[in-house]
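Since the structure of chain A is already known, use the hints to place chain B on it.
Single-letter residue listing:
Protein chains: 2
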Amino acid sequence: MPIIILLPFIDGQSSKLWTKLDSLKRKLKHAEAVFGQSKTKDKPEGIRPQHKTGFLGLVGAKVDTIDNSKEKIKDLSVKLQAEQKRTIAEEQEASAFAIFNNRAVAAEVSQSAIATIASKWRTSQAPEPEEIVWGNLSMPYLPQLFRKFGIYFLVFLIIIFYMIPISFVSALTSLDNLEKLVPFIKSIVKIKVLNTVLQAYLPQLALIIFLALLPSLLMFLSKLEGIVSHSHLVRATAGKYFYFNVVNVFLGVTISGTVFNALKKITKQPGQIVSLLDASLPPQASFFITYIALLFFVGYGLELSRLVPLIIFHIKKRFLCKTEEEIRDAWAPGPFNYHTHVPADMLIVTIAACYAVLAPMVLPFAIMYFALGWIIVRNQALKVYIPKYDSGGRMWPHMQARILAALVISQITMLGYFSVKKFVFSFLLFPLPIATLIFAYVCNKLFYTAFRVTPISLVSTDLKDMPSVASLVEAYTPTCLTPEDKFEDAEKFEDARSTATSRTSSGITSPA
Amino acid sequence: MPIIILLPFIDGQSSKLWTKLDSLKRKLKHAEAVFGQSKTKDKPEGIRPQHKTGFLGLVGAKVDTIDNSKEKIKDLSVKLQAEQKRTIAEEQEASAFAIFNNRAVAAEVSQSAIATIASKWRTSQAPEPEEIVWGNLSMPYLPQLFRKFGIYFLVFLIIIFYMIPISFVSALTSLDNLEKLVPFIKSIVKIKVLNTVLQAYLPQLALIIFLALLPSLLMFLSKLEGIVSHSHLVRATAGKYFYFNVVNVFLGVTISGTVFNALKKITKQPGQIVSLLDASLPPQASFFITYIALLFFVGYGLELSRLVPLIIFHIKKRFLCKTEEEIRDAWAPGPFNYHTHVPADMLIVTIAACYAVLAPMVLPFAIMYFALGWIIVRNQALKVYIPKYDSGGRMWPHMQARILAALVISQITMLGYFSVKKFVFSFLLFPLPIATLIFAYVCNKLFYTAFRVTPISLVSTDLKDMPSVASLVEAYTPTCLTPEDKFEDAEKFEDARSTATSRTSSGITSPA
Chain A
1 MPIIILLPFI DGQSSKLWTK LDSLKRKLKH AEAVFGQSKT KDKPEGIRPQ
51 HKTGFLGLVG AKVDTIDNSK EKIKDLSVKL QAEQKRTIAE EQEASAFAIF
101 NNRAVAAEVS QSAIATIASK WRTSQAPEPE EIVWGNLSMP YLPQLFRKFG
151 IYFLVFLIII FYMIPISFVS ALTSLDNLEK LVPFIKSIVK IKVLNTVLQA
201 YLPQLALIIF LALLPSLLMF LSKLEGIVSH SHLVRATAGK YFYFNVVNVF
251 LGVTISGTVF NALKKITKQP GQIVSLLDAS LPPQASFFIT YIALLFFVGY
301 GLELSRLVPL IIFHIKKRFL CKTEEEIRDA WAPGPFNYHT HVPADMLIVT
351 IAACYAVLAP MVLPFAIMYF ALGWIIVRNQ ALKVYIPKYD SGGRMWPHMQ
401 ARILAALVIS QITMLGYFSV KKFVFSFLLF PLPIATLIFA YVCNKLFYTA
451 FRVTPISLVS TDLKDMPSVA SLVEAYTPTC LTPEDKFEDA EKFEDARSTA
501 TSRTSSGITS PA
Chain B
1001 MPIIILLPFI DGQSSKLWTK LDSLKRKLKH AEAVFGQSKT KDKPEGIRPQ
1051 HKTGFLGLVG AKVDTIDNSK EKIKDLSVKL QAEQKRTIAE EQEASAFAIF
1101 NNRAVAAEVS QSAIATIASK WRTSQAPEPE EIVWGNLSMP YLPQLFRKFG
1151 IYFLVFLIII FYMIPISFVS ALTSLDNLEK LVPFIKSIVK IKVLNTVLQA
1201 YLPQLALIIF LALLPSLLMF LSKLEGIVSH SHLVRATAGK YFYFNVVNVF
1251 LGVTISGTVF NALKKITKQP GQIVSLLDAS LPPQASFFIT YIALLFFVGY
1301 GLELSRLVPL IIFHIKKRFL CKTEEEIRDA WAPGPFNYHT HVPADMLIVT
1351 IAACYAVLAP MVLPFAIMYF ALGWIIVRNQ ALKVYIPKYD SGGRMWPHMQ
1401 ARILAALVIS QITMLGYFSV KKFVFSFLLF PLPIATLIFA YVCNKLFYTA
1451 FRVTPISLVS TDLKDMPSVA SLVEAYTPTC LTPEDKFEDA EKFEDARSTA
1501 TSRTSSGITS PA
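Protein chains in written order, with our numbering: chain A, 1 to 512; chain B, 1001 to 1512.
Please keep in mind that the hints were generated in silico from the structure rather than gathered at the bench.
One or more hints might be untrue.
[Stated by the list, open to error] Derived contacts from chain B toward chain A, CB cut-off under 7 Å, selection only: (1) 1149; (2) 1450; (3) 1453; (4) 1457.
[Claimed, not checked] Below, computed lysine to aspartate or glutamate pairings styled on EDC-like, alpha-carbon distance capped at 20 Å: (5) 383(A) / 303(A); (6) 1025(B) / 1067(B); (7) 388(A) / 329(A); (8) 1445(B) / 225(A); (9) 445(A) / 1225(B); (10) 1029(B) / 1075(B).
[What the hints assert, rightly or not] Negatives, chain B to chain A, calculated, CB over 10 Å: (11) 1198; (12) 1360; (13) 1415.
Computed from a prediction, not measured in an experiment: that's the story for all the values here.
Beta carbons are placed, not taken as given, at the ideal position from N, Cα and C, and that holds for glycine.
Just chain A, same shape as in the assembly (with noise of 0.2 Å):
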């Protein structure tokens, strides 16, 4: 019989105060290293940090803030340990993990239906407990259902409609209307350097502050549909990208340069649809290729240089961090963004699958591109950046699917153009997008149901080190639900989640 351990409810009193404590126990190391620095020869005695009470310490009485945090500290984990206990005994939500001593009865259970009416019962495998969406994990089917339904919907919107508030944003900000809306800005436009400056930039400024803030925001609506692990929550972001990509620059841009000035052509000359098309179509040509060239250029150049991360490092140094530990998480370059990585790379195989047969010199500048890409990205994804977990492969059928809709979709452009060069044996390239389908569907059913599953063969046979289950039980509690002096005991709690990372355990969840 497996052990089950009942989830409890996470997004309670006691995430709240742990993440209260967290923020104090934080605030006192700044202050304390605050004071140490201002040990100076002259000074000796050094200056006691202080802070306001009141709201973002702008307001209320002065207090000392190392005695304040260290007497706010204790009152908090004597409040911490009751809620911790409290939630644990008391607020267990209807799923739960399942530990099981057979790795193929647990790859066996998650793969099977459970009750008749599945929403009663479903299971799955467990994600790695580095990669836990911990408020996700307790959601029920329909719920999670139609919040799926709604964020597609909502992501649809955005793709669709996103030119709308950037280029609203934009007429707001430009400066005639920020003058009106903020009247002290009229002394800053009076100087005329800035003036231009501002009047040039700022509408720009606002396009790129919006498509910087896009994936984060998609990310959060991805977090919202409830998906479970933070592997899943990367792939489902990578696939909104990709779709905004896919419709506002390669559709966009092709088709705003063509077809709609094409179309007013057309409705002057009717008879001469086919030379126009032949002329409008190859001209976008250039422009992929350029933005091509500037992503390997530029955006490769501030990848492998990391100049941006060095002059926030700096900044962050110079005026922010106090403490070893502050430093050492400014340092820290953080996992590889594969959420924005993946989705514009596959733009641009989309990109040069389809302009391919219309204009064959986007070929050198993608296959430089990705050349390119193998040296730099590879080893920055290697050797720079710190991955939090590790997925198991799960991007690459993500990517395949991504890779051969492309190729259909250039098929079907090639069909098009040399149809409209009135080529005449165009007709037999129409076997391929077919072709393509298939072999997408043969892979999809032959090779990638071992990514969504574990094949019982892989667990037929029983690891050498089993990890024991205390270390599983520790590895799969919650945060906010770990005892404090073992959360501090960092080194030991590390070793059992790695040790839990193994592929040993699948986890069922029971939402009512």
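Chain B alone, transformed into the frame defined by chain A:
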């Protein structure tokens, strides 16, 4: 550990021998009955039936049928026994049934991925012994897949171009052409009455015969797909026949009756598209009302009276059947023809849903059709036809999907019709088809998994009476490999078969 029954090669020598032996036994019985009936009072010694040994009994030496058959049966029995032993021992295929002593484990294994590459080792729940399509059990994955795509393409062609062979055959069977092809017809044609009748009905006869053969053709094609259970075969055939009905009856009549006629008028008066569509859509409704009325007056009448089978039975009894067994076979109503009844009913659902808004008069007829069907067809299915197997209600998800598809089509039709009629609030109907699609998705996810696989909670308790392994092995042995003496002992055999049907066993097939 489960008991594995390796599957021997079915379509080999032993199958041919078994078929030959079976037909010889029937021939012997028939001859004996003929001989018995020939013993009248005048001729107490009777006439021993004789036949010629050559092609189709038309040429060759005349022999005594009874003696000849007995001799051949003796000969073949020995051969079959030897061949059966050899087949079971030597010609084993790469697939097998696995018998588990625990139902939950069987359910789990049948739902799990075994090998990393799915085609190397596939599992699925074993069909009931009565409904196994033996020849398809050992088909490897990729050939099965490519056959499936090939068949789909072929069916697509049949559905789209079905009018072409029919009109070809119709043209061929017109009297003038027949006279050229088969000169001896000329003498028949000279009779004036016959000439008129043939001239009028020959082309229609070709259509009727082709339509009557279609379900069998589709069933044959579905069998080629490599489907392993008969209930699945019936569903696959029903699906194909439904598409045929929708394209050739529903769309065919609607479009050729409206859009084509309308297009002609539109080219003359391009400004009046809207009013023309308004005028030409509803008239087709009268055709479908007549169609439905015809179905329930003539169709249900024939179904209830079973007039055609009665006539066929009396013809057979008079001219062909001699033994008790043959008469019983001729009288047997056979199983209910789900593969023709379900698509026919689904077509009525589609017609009723789509024309409900345009011509509400279709509704009372559709209601009448289903009300009478509830009484008549239910009676026939429960009390007349004899089912061979129980598919566990798996036809329902198939039907529900088609009912919902009909609903979506009708909602889109309604939306279009309201827009044509310039109803200003017609956009309010826009969420309807989306809601229907979401409902279909939720139903599929929530309720229909349990139709495809066995949920573990249903089989987590052991049965009171577990069938013996021996009876299971016997039930899951193909007829042509059953020892002859056992096969004759029909009572015992059927007992074993019915014991084996309580979802106790799970099949593993593993083509390399």
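We went through each hint and held it up to the structure:
1. 1149: Holds: closest Cβ of chain A sits about 6 Å from residue 1149(B), inside 7 Å.
2. 1450: Constraint on residue 1450(B) satisfied, holds at 5 Å.
3. 1453: 5 Å, holds
4. 1457: Since chain A brings a Cβ to about 5 Å from residue 1457(B), closer than 7 Å, the hint holds.
5. 383(A) / 303(A): 13 Å, holds
6. 1025(B) / 1067(B): 12 Å, holds
7. 388(A) / 329(A): 14 Å, holds
8. 1445(B) / 225(A): Given that 20 Å is the threshold and the Cα spacing comes to 17 Å, the pair holds.
9. 445(A) / 1225(B): Within the cut-off at roughly 17 Å; holds.
10. 1029(B) / 1075(B): 17 Å, holds
11. 1198: For residue 1198(B), whose nearest Cβ neighbour in chain A is about 43 Å away, the distance exceeds 10 Å, so it holds.
12. 1360: With a cut-off of 10 Å, residue 1360(B) remains clear of chain A, as the shortest Cβ separation is near 32 Å.
13. 1415: Correct as stated: the minimum Cβ-Cβ distance to chain A is 19 Å, above 10 Å.
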